[in-house]
Structure formats: structure tokens, C-alpha cells
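Chains A and B supply the protein sequences, listed in that same order.
Read in order, the letters of the first sequence are residues 1 to 340 in my numbering.
Read in order, the letters of the second sequence are residues 1 to 340 in my numbering.
For the record, the hints were derived by calculation from the structure and aren't laboratory data.
Just so it is clear, CB atoms sit at the ideal spot from N, CA and C, and this is done for glycine as well.
No false leads were mixed into what you were given.
Derived lysine-lysine pairs resembling DSS-like cross-links, with alpha carbons at most 30 Å apart:
no., chain 1, residue 1, chain 2, residue 2
1, A, K181, A, K285
2, A, K235, B, K285
3, A, K329, B, K285
4, B, K181, B, K235
5, B, K181, B, K329
6, B, K285, B, K181
7, A, K181, A, K235
8, A, K181, A, K329
9, A, K285, B, K329
10, A, K235, A, K329
11, B, K285, A, K285
12, A, K181, B, K285
13, B, K285, B, K235
14, A, K285, B, K235
15, A, K285, B, K181
16, B, K235, B, K329
Covered stretches of chain A (chain B as the covering partner; in silico rule of three or more C-beta atoms under 8 Å from a C-beta of chain B):
no., stretch
17, 69-77
18, 93-103
19, 275-287
Number of protein chains: 2
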Amino acid sequence: MRRPTLRDVADGAGVHPATASRALNPQTRHLVSPETADRVNRVARALGYRPNPVARSLKTSRSSSIGLIIPDLTNPLFPPIVRGVEDVLGPVGYNAWIANTDNDPAREEAAVESMRSRNVEGFVFATARLEHPLLEDLAAANTPVVLVNRRLAKPTVPSVTADDAAGISMALHHLVEEGHKRIVHLAGPQDLSTGVNRLRAFRQALHEHGLDENQTRIEVCRSWTEAAGAETLNKLLAEGADFTAILAGNDMLALGCYDVLAEHGLRCPEDVSVVGFNDAAFMDKLTPALTTVHSPQYELGAEAARMLLEELSEPRTHPRSVVLPVTFKVRGSTAPPRSP
Amino acid sequence: MRRPTLRDVADGAGVHPATASRALNPQTRHLVSPETADRVNRVARALGYRPNPVARSLKTSRSSSIGLIIPDLTNPLFPPIVRGVEDVLGPVGYNAWIANTDNDPAREEAAVESMRSRNVEGFVFATARLEHPLLEDLAAANTPVVLVNRRLAKPTVPSVTADDAAGISMALHHLVEEGHKRIVHLAGPQDLSTGVNRLRAFRQALHEHGLDENQTRIEVCRSWTEAAGAETLNKLLAEGADFTAILAGNDMLALGCYDVLAEHGLRCPEDVSVVGFNDAAFMDKLTPALTTVHSPQYELGAEAARMLLEELSEPRTHPRSVVLPVTFKVRGSTAPPRSP
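Go ahead and model the full structure; you've got the sequences and the hints to work with.
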């Protein structure tokens, strides 16, 4: 007997396969209507459907491919995103070309050119800057593109991002609950949506918690890297900045802080609490284990791939911006301040 | 003025571009003769050559691709290998399709089938088992294939691996120097060259150090994962095994030991020393930082790609097995035993 496929479930429920896939996944179910989610799940149970990533690629003869543009595969944020993309594409017979750009626009342009010459049907970009001429050109030429993790200033291209604002709000709330008032935000580059949105959320959250802005401080780091985090914290310490907690805009900046605090004989969390953002692999294994915002990295990639497949089959006139929820992981790097 | 390319250097030195690339890289220079390395480096300096990964993909119109088969991109061992492959392929206009198999032969077969239907010119496999019918079939059909990290029982397919034997010997030497005699080796799966070669090297090194085999113990883990390491150590502790040090066959097994030791109230390194193998990303950030054998992961990938490019341009009758040197990183997870 033939195993039921995702398409069988979709056909049975009268929805697009991407919708069916979304409805079957608890993490993305909220993106479809409760009625649709119910119907899809009833059909799936009735048919005895189990996801099988291999079956379909064996059967399809279509040679479909997309391009996946990322900054750097060795940054631990990106492997789960790439796997999410591939695990959705595989079952429907698509493969992804991957290019690492190291955030260099020239490398990115060369990679896109090379992939276009290989007739990719569309792209997932994890490298979006707020102003990004190449992406705007692709959108203008009606090339199917979905952005993941970062987005453009104007919502002209569909995107899937983590809820940056909610994450920063949770992080600040946690620090305030612990008793911190003198808090530093290490912000990311301000030409990226992640950097801008998290900084904006920090200002907003300060306001909501009635914190005195004069006791807090914002420093913009030149990149989302450990080295940039270390450099910025070194500068703050050299200036004699007065703080009990650091809300780092991502985990890599937080990692840079760990090293610098140790070099200055400061203990984390006894002397300084540190919070990160993303909960990349191994952040729970550091000492102290990093308190951080958990972004659903695998789901970001999977959802971006689903949206691109949808774009390929039924192009939309209004690009959607999908925001996936984040959670907060309290671990060992935060504690009440010794002197609030 | 046109920038000099790798091919210009190769032409000037009268060698294959892959040879030139190897000669220009300090980590792989030992793979070419000293005379050739000298000549290539003289020509490169004379021409003012700087590696440029973008230039060539812009110029080439050839649409060349290879397949890259790995177990799981979210295992931190593999992203640097993938980047090494891509950084060598990019400049000569090749792209790689990547497939994650989760070590499942059915997924692997489906991925290879899909890539062949896309006319890839060859493959790099990071998934080799000692007995591997699919690889033997590909070799029999003269499909260009290079193995990376693991190899077959018979050297019928070219491979690039880390020096497993030297790494284990260094690790055991370090433990013996610290005063350990009661040592456990957590071995990896015995259907993989990495598992078998490291276990064989452990036995050999015991002999060389005149250690009493009755004081040591070997346990084979069911996979190279944190969960398998934890499971095996739990079993040993439940049996009341008597040891002061664990030589884990890879970093993931060592990570599993960290968790179990903590659960049993045993401190690392005070009560039990732990050594890993690979020095994957973040192993220097654990607490305690992991003492481990450093394998040149990026270079393994880069060298595999160079060998595959050579195979594509001038097939060899005698497959080569290239072994790259490892180093040993002494960190915080090893110390002298309290009672030798």
C-alpha cells in the first residue's frame, strides 16, 4: 500500500501543501486559522500520515533548485536554519545551493549571479541589510525571494523573523525582576533589522518598566561577533562605566563579554549579569550557562522554505512578514546585583 | 590591470592549479615536494597573487557542480568541513549540493540519486562506513568520489582524514604524564574508520606506554553522540567501574560525560579527567574547557575539494589516502589523579 503523502493530506483538506505542513507543525500552527489547522490534522490522522522526507525526492523527476544565501555557516546560528530549509525542500524534490558571503556584498552578488546561471527558481536570504539594492532589484524583477532572520526596512520582500521586540522585552523584564537598574545594551549593527529592532525594543522596554534612562547605556557594536562584543565592553570598562548587567543583542556579543569580564577579574553573574539573544548551540554548556532569548532557528528556516514554495506555486501581490515567537531561558549568567 | 589568478600562478610554476593551491597553504604544503612548494610560492610573490574567492566564479561560464554528503550540519564538526569544501570550489566556478543523511542509508541513497539526476560531476562523502556498498558501486562505476573524515576498510576510494592514531597517542601520553593509569576509552561505532582506528590506536598506545591492560577498560558507544557518551558512562558508573580518566573517542562523547559526572557529584578534572577528539567549535568555552585532539576540520574539507577537482581533470588509477596532522590542546578538563 502506498504511504500517504503531505500532498494527500493537503488534497484531502482542500489546502495548499505548504499550509498543510504548517498546520501539522505545533510551532507554526498559529499561522493558519484554527479551523484549517483542525481540518488538516483530522485528515492527517484519518489517512495515517507520517512525515517522510525521503519518499518524495525518490519519486519526483523535477529538477527544482533554490539558492540559500547565508553569512557564514560556521556561525552556530545558521546550521539549524539551513537544516530547516533543507528538511522542508527535500520531501517536495527541491534542493538548495548554499553560499557563504561573510556579509561581503561583492561575494553575495557573485553567488547570486552564479546561482541564476544555474536557473534557481528562487532564493532564501539570511543576509538582508535594511537597505539592500540587490534584494530590491530581485524583487523588482519578480524573482521569488524570502528573507530569513533579518528583513528590509520596507516590507517589499516576504520575511520570517524571530520576535525581536518580545525577546528584548522578556530579557529586560528578567533583569529588572532580579533588581538591576544600571543596565548596558550592546546593540548590533544599525544597518541590520536585528540590530535596529532590538535597540528600539530596548528603549521601549526601559520606558515600560519606568527605568531611569540616565542609569542605562547603549553601545552599538560594529558587528554581531565575539570580537566586537569584547572590543565594546573593553571600551566601557576603560571609561569606568557603571553597570550591573549587560543585555547583549546576540549570543556572540555576550560570549565576547565573558572573556573580557574574566580578564578584568569580574565574575559573572556575581559582579555582572549577562543576557544573550538566539540561544545558539552550546550556549547552555558555557560556564556560566548563558541566560538568553531562544529564537526558533530551525523553524525560521523551515517556514522560509514553506513560504518560498508557496511563492513559487502561487505568487502573491502582498508580501507577508511572518514573526515567530521566542521564549526566554533563565540560566546561570544572571543573578541579583550586589548593590542595586 | 587584471588581478593574477590561481591559474596564473599554476601556469607560471608549471603545475596543476590544485597543486598550486596546496603549495600556497602552510597547512597542506607538506603534501607537495619542497621544490614545487618553493617554486609556486616564488611565482605567487612575483605575480603579486592574492587568493580571491569571488573573481573566478564571475568569469567562468561553466556550470559545474558536485554533491557533498554529510551526516548532520548541526553537528559542529561539519560546518568547517563544508566551508573548506566551498572555499576551494568557489574560486574555480564549482558549487556544491549539500545533503544531510542523519547516517540513514536510505536518505543517503535518495540524495545521491537526486544529485545524479542533476548531473553532478563528483561527490565528497563525510558519511563513509567501513563497508559501504553505495560507495563501492560509485567507485566501480568510475564516479569521481573523495571521502573526508572517515574512510572505507579497503583503500579503493581516495580519502582525506585526520591522523586518528597520532591523536589518540598524544591523548594517552598526556594522561600518563599526568599520572593516570586507570583509564577508560569510550570508543566510537566499530563500523566507522574513526571508531576502529582510534580504538586500535588506544590499544597500541597502552602497549607503548607499558600500561597494565587490566587497569584500563574499553567501552564501545552506539553512536558518536552526547547521548551515547552519557549512556555508556552511566553504565560504567552503575557497575562501579574504577577509573581516574576518560579518553573519549570524540568531543560529543566527552560532552555526554560532563553531564553524567555532574549528575553523580563527580568533579572534572578533580575526580575524573576527560579528553575529547576533534576540538569542534566551543569546546574551548566549556567549563572546564575540554582538553582534546585538534583535527584540522576546515583543511580536511579544503583538501577533499582539491583532490576531487584533480580527479575531475586527471583521473588516477591509484586512489590516494591523505592523512592530515593533528595537534593536542591541553585545557582544563585534565589534571593529575588524586590517587594514581
